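There are 2 protein chains.
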Amino acid sequence: MTATPRRAGRRPGTSQTRQLILDTARRHFAELGYDRTTLRGIATAAEVDVALVSHFFSGKQRLFAEAAALPYDPAVVLSRLLAGPREEIGRRLADQVLDLIEAPASRGRLIALIRAAASEEGAAQLIRERINRELLVPLAAGLGSPDAPLRAALTGSQVVGLVMARHIVGIDPLPGTGREQLAAAVAPTLQRYLTGPLDDV
Amino acid sequence: MTATPRRAGRRPGTSQTRQLILDTARRHFAELGYDRTTLRGIATAAEVDVALVSHFFSGKQRLFAEAAALPYDPAVVLSRLLAGPREEIGRRLADQVLDLIEAPASRGRLIALIRAAASEEGAAQLIRERINRELLVPLAAGLGSPDAPLRAALTGSQVVGLVMARHIVGIDPLPGTGREQLAAAVAPTLQRYLTGPLDDV
DNA sequence: TACCCAATTCAATGGGTGTTGAATTCTTGC
DNA sequence: GCAAGAATTCAACACCCATTGAATTGGGTA
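From first to last, the protein sequence lines are chains A and B.
When you line the first sequence up against the UniProt record's numbering, it's residues 1 to 201, in that order.
When you line the second sequence up against the UniProt record's numbering, it's residues 1 to 201, in that order.
No false leads were slipped in.
One copy or any two copies: either way a pair holds, since identical chains are not told apart in the list.
Below, a list of computed lysine to any residue pairs in the SDA-like style, where the Cα atoms sit at most 25 Å apart:
| # | residue 1 | residue 2 |
| --- | --- | --- |
| 1 | Lys60 | Glu121 |
| 2 | Lys60 | Ala43 |
| 3 | Lys60 | Asp35 |
| 4 | Lys60 | Arg130 |
| 5 | Lys60 | Arg109 |
The hints are simulated quantities; they were obtained by calculation from the structure and are not laboratory data.
In this text, all values refer to a predicted model and were calculated from it rather than measured experimentally.
Whole structure, please, built from the sequences with the hints as guidance.
Structural data, given as structure tokens:
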């Protein structure tokens, strides 16, 4: 059962190889994190030569940058958030987060992002800026209160913590806890961070 | 300015080298994560030969296991938590977490733990079990309610999220936010996860 | 003082990594 | 139907890594 070595040269038909590599890379980054993901591993899984990966994406860093693009359109998320009644914004956010994390398409990318942010300083910086620019700043602007940046950041902390605990570390019983129950439990926290009082009572 | 190469053989005086290496390793693991930390890097920083590191700790994994021991005594934390009035348990937990993350001694170890949990599956498993056994299970037992495991896990998610956001990713303005303000903001969340209603209202 | 063992360095080994240049095969525009 | 360029592989490079065995020096003890 030796895999037939493929001859050099372009393959017949129209090529979707670039996309295939990108998808494979996303899976690997999500499962292994940046460091443990190797170009060779991606290439093997995509049944392609290593050099092709570097050829298409000009190196590992660029490949990661492309693979780890936000798995959603921040503008859409934000407009949905700010649209409805302000007293239910926490619940709406919880729902959107759970949607994203449960849809297989976005799930991997989200996890890859968080993993990378935790392990690689360079990636952390890139991600911090992206999140700030595309999510937190507009969100804070939408809230309009003077302590809005702090509110946005606190909100982010709970969102990140939830994804970490449920999907990366896997703290029982979170991975098996139903969507509805989770949304209900977390929504009031987000609501208070976004609109409630921030001082202890 | 060439560093004088040291001759082989034991150095004079009583040796604290093992401890020195361990401290250096902690710093490196905390700053770089597991993968990007190299024995060579540790050795160089500790002004010691690489082989000595492996000699003392029998390899990178074991070194990490020793460096990443919990930076506090879970029993103490738990007893302090469960001791006072139940209505202020959220605030007490927030204070203890902030104490740990601000004390230089424990800070690095906490960060290393979280980084490793996010990036290395093996470490994640080890850490998950430790946290479960030493923190969450006793905490749930102390709470005594039927949904206690879920409550403990939610609490953990906010704690982890806070440390991530404030110290690892560095989401503004959290890193510069004062201890008191932060404790006040987060305490009600922890309080509700631990003792409040978990269903949306 | 001798002896044993711990601490320390040196040197070598084997493996894995990302990247690069050249060669081959195909598609596409003229 | 020809030429240019894109897709693909092969092979090699230079680098870094953890681990191991042997050699050297010092401390502690009998």
